[in-house]
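Q: These are the residues of each chain, in order.
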Amino acid sequence: MEDPLQRTGKDIAQIYRRHAHTVYKVSFMLLRNVVDAEEATQTAFLKLMQSDMTFRDNEHEKAWLIVTARNHCRNMLKHWWRRMRTTLEEADQRLLAEEIRHDETLGEVLALPAKYRLPLYLFYYEGYSTKEIAELLSIKEATIRTQLHTGRKLLKLQIGGEGDD
Amino acid sequence: MTEKELIDRLARMGPTDKQTDRMLERILNPAAKPKFALKQSYRIALPTIVILLLSLYWLPALQQKQNKEIPQLMSVPAPFAAEFGLPRGGKSIHAGTLGKFLNYNGSRYTFLEDGAAYDLSGWKVEEQGVLGTLQYDIAADIQNGGTKGYSSRDLATTYMNGGTIYALPGYAPAFRLAVSYEGRYYIAELSGKTDDEVIDAKEFVSLADLSRMTMRIEWLDHQGTTVMQVWDAKKDIRKWSNLIAESIPVEKLTDEQYERLAKARSSDRAFQARWVLRDGTSIVMNLVPDLSLLTIGNGNYELSKTFLETYSKEFQLTD
Chain A
439 MEDPLQRTGK DIAQIYRRHA HTVYKVSFML LRNVVDAEEA TQTAFLKLMQ
489 SDMTFRDNEH EKAWLIVTAR NHCRNMLKHW WRRMRTTLEE ADQRLLAEEI
539 RHDETLGEVL ALPAKYRLPL YLFYYEGYST KEIAELLSIK EATIRTQLHT
589 GRKLLKLQIG GEGDD
Chain B
5 MTEKELIDRL ARMGPTDKQT DRMLERILNP AAKPKFALKQ SYRIALPTIV
55 ILLLSLYWLP ALQQKQNKEI PQLMSVPAPF AAEFGLPRGG KSIHAGTLGK
105 FLNYNGSRYT FLEDGAAYDL SGWKVEEQGV LGTLQYDIAA DIQNGGTKGY
155 SSRDLATTYM NGGTIYALPG YAPAFRLAVS YEGRYYIAEL SGKTDDEVID
205 AKEFVSLADL SRMTMRIEWL DHQGTTVMQV WDAKKDIRKW SNLIAESIPV
255 EKLTDEQYER LAKARSSDRA FQARWVLRDG TSIVMNLVPD LSLLTIGNGN
305 YELSKTFLET YSKEFQLTD
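If you read the protein sequences in the order shown, they are chains A and B.
Converting from the first sequence to the numbering used here requires adding 438 to each position, the first position being numbered 1.
Converting from the second sequence to the numbering used here requires adding 4 to each position, the first position being numbered 1.
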């Protein structure tokens, strides 16, 4: 991997191309909002630019970005203003959603409580095992399994259980 | 729902190619002023609108009486195409790369609210006399290599080319101008000099008449989303105005300053001071106390020691 202290714009662009979609999707799963998901994605990569972190490989790099984005999203969710603004922006969000042609049925997934959304995304889309998700999110593996189980139940997901990992 | 359906839905979540490119551009140019796309302008406009509504409810009667002397500048809803930043005013708009500004009399003026139209009916703007017609398209010139030098030429613009410039009643033309285009009005505010020199801070404070026009000053995080402190007492506003006027222009930042600036932004050590004016508009200044840095319009300034000492308590808010 490249020397972190010498990461150029080109290096960052390459890393961005590798992981931008994952970081954005993680952010969107948590924030359910196009504007904020973009901001969280940008912040994660800006933090990478500022970081001295050295990565073992691409997977390590990706995991770091997921955790950074997730932490930033959690901070954003804590802000009183965002909570207040969400309602006001609903109409705007509808327009934005049309603009980027999001599938309406995605709403079913996004309607799940926050604690189920990210584990489901990481498990089914990114292919992480429950153990890996537990390490990434610093949550007990048993809790992740329960969250996946409940998330599946809520989605009436007709697929296998924790044995999938 | 099957697993395949779930994965398909997650795949459609985005980002689109357009979003991907936009985010990368912002990551690689973090110090650049954000482009005011619809989403961004809403982020700025919504807090302002809500705070204005709250303040209208709470303002004492006396203050309302005082405000009657200052007309309200209300932006009006733009047509659909305009809201989405689609071209208006012909080919002059080069949305996405250039801000919306015009050059007049050696100064650069930035359009308020990202070029939103304002309801100036009853202001008798036309009676003020024409100051000029915007006739040089900066975006087109830049696309052709900037050979004509429009970016520093008077009556050149990136927006509303063909528009007519008028003085805005009640404001110094050196501070704010009205632009009329196809029956709608736009307002442009002093943001710099056409030769890229920095405006004198004292001159800006004086032209904007900040001591009189400001209803309150809000201290926000650098994204402008969280209000952390508010000053609304007249003496505080006057004190702020005087201290900001003492700031010294900085012609160019060093590479080290740019690096520290990026670091300050990413570590929540950069802030905004929003001057909420009695006419319903606001002026935003960016501050990075750790670097003693202030921006007004397009210019950078060094904050005075007195300012830093006076407000050092506020700078620790996010620690």
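Hint data in this document are derived by calculation from the structure and do not stem from the laboratory.
Keep in mind that the hints are not guaranteed to be accurate.
[Said to hold, decoys possible] Calculated cross-link-like contacts (lysine-lysine; reagent style DSS-like; alpha-carbon spacing at most 30 Å): (1) A/Lys-553 <-> A/Lys-500; (2) A/Lys-448 <-> B/Lys-197; (3) B/Lys-256 <-> A/Lys-485; (4) A/Lys-500 <-> B/Lys-267.
[Claimed, not checked] Chain A side only, calculated, beta carbon under 10 Å to chain B, not exhaustive: (5) Met-491; (6) Met-514; (7) Leu-515.
Beta carbons: idealized from backbone N, C-alpha and C, even for Gly.
Q: Now look at each hint and say whether the structure bears it out.
A: Here is what the structure says about each hint:
For a cut-off of 30 Å, the pair hint linking A/Lys-553 to A/Lys-500 stands: about 21 Å separates their Cα positions. A distance of roughly 33 Å separates the Cα atoms of A/Lys-448 and B/Lys-197; the hinted pair therefore is violated under the 30 Å criterion. At roughly 25 Å between alpha-carbon atoms, B/Lys-256 and A/Lys-485 fall within 30 Å of each other, so this suggested pair holds. For the suggested pair A/Lys-500 and B/Lys-267, the alpha carbons sit about 22 Å apart, so the restraint of at most 30 Å is met.
At about 14 Å, the closest approach between the beta carbon of A/Met-491 and any beta carbon in chain B exceeds 10 Å, and the interface hint on this residue is violated. Annotation: interface hint on A/Met-514 holds; nearest CB of chain B at approximately 9 Å, less than 10 Å. For A/Leu-515, the interface hint is violated, the least distance from its beta-carbon to any beta-carbon of chain B being 13 Å, above 10 Å.
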